[in-house]
Amino acid sequence: ILNVEQSPQSLHVQEGDSTNFTCSFPSSNFYALHWYRWETAKSPEALFVMTLNGDEKKKGRISATLNTKEGYSYLYIKGSQPEDSATYLCAFVGYGGSQGNLIFGKGTKLSVKP
Amino acid sequence: GAVVSQHPSRVICKSGTSVKIECRSLDFQATTMFWYRQFPKKSLMLMATSNEGSKATYEQGVEKDKFLINHASLTLSTLTVTSAHPEDSSFYICSAKTGADTQYFGPGTRLTVL
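From first to last, the protein sequence lines are chains A and B. At position 76 of the first sequence (counting the first as 1) the number is 76 in this note's numbering, and the numbers step up by one without a gap. At position 3 of the second sequence (counting the first as 1) the number is 1003 in this note's numbering, and the numbers step up by one without a gap.
Among the clues, some could well be false.
Said to hold, decoys possible - Using 27 Å as the maximum straight-line C-alpha spacing, the simulated BS3-like pairs for lysine-lysine come out as follows: (1) Lys1041(B) to Lys106(A); (2) Lys106(A) to Lys1042(B); (3) Lys1066(B) to Lys106(A); (4) Lys42(A) to Lys1042(B); (5) Lys1066(B) to Lys59(A); (6) Lys42(A) to Lys106(A); (7) Lys1042(B) to Lys109(A); (8) Lys109(A) to Lys1066(B).
Hints in this document: simulated from the structure, not taken from any laboratory.
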């Protein structure tokens, strides 16, 4: 059974703080790593699709890095804002998985206090 | 762009009845649609993958006769939970993709079986 772990489970920060969280995944048969942002009562929003070891992607104040050899990805949020409050999900895709099956972690729930 | 809708957002039904959930890609044609389920404090778990015009592929442990999937067009997939029981109460969410890697998610359906 493939395991995708995210830590911490939840995080409370003050507005303006920078924060980061981790996604750990199997280092063998790696194909891609997806990050999603999921606000309550809304659809998960795709943030990044990462495929290459050493990849670093950025979208506004959010960035992510990827280490496929050791099986982890970090998501960083610079200067957190209340609107960043959401659950951040990562999902692993391995080679041989049919049609790009996403294997999700349980998510990190971020709360940003004004 | 890439909006996926899901209907209904919430449904309560009596044990033994069937419930149909619709998933639509609103502004793109989805070659593949996916159905996930999430139990409390657990990860999103893939139930089945469906391609337009062909039979769905179910993940191990998911009963195909209980969870009927129809992908009749490139913009619509339906999941019918037949003879629902309280243990089927869960959060069901669909996603859709074209040829690219990113899956676009609907907002999900909360099913409660009394």
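Now for the hints, and whether the structure bears them out:
1. For the hint pairing Lys1041(B) with Lys106(A), the CA-to-CA distance comes to about 7 Å; that is within 27 Å, so the pair holds.
2. Simply put, Lys106(A) and Lys1042(B) have alpha-carbon atoms about 6 Å apart, close enough for the 27 Å limit, and the pair holds.
3. Of the pairs offered as hints, the one joining Lys1066(B) and Lys106(A) holds, with about 26 Å between alpha carbons and a cut-off of 27 Å not exceeded.
4. For the hint pairing Lys42(A) with Lys1042(B), the CA-to-CA distance comes to about 18 Å; that is within 27 Å, so the pair holds.
5. A C-alpha spacing of about 41 Å is found between Lys1066(B) and Lys59(A), which places the hinted pair above 27 Å, so the restraint is violated.
6. A hinted pair counts as satisfied when its Cα atoms are at most 27 Å apart, and Lys42(A) with Lys106(A) qualifies at roughly 17 Å.
7. For the proposed pair Lys1042(B) and Lys109(A), the alpha carbon gap of about 13 Å is at most 27 Å, so the pair holds.
8. A hinted pair counts as satisfied when its Cα atoms are at most 27 Å apart, and Lys109(A) with Lys1066(B) does not qualify at roughly 32 Å.
Of the hints listed earlier, those the structure fails to meet are numbers 5, 8, in rising order.
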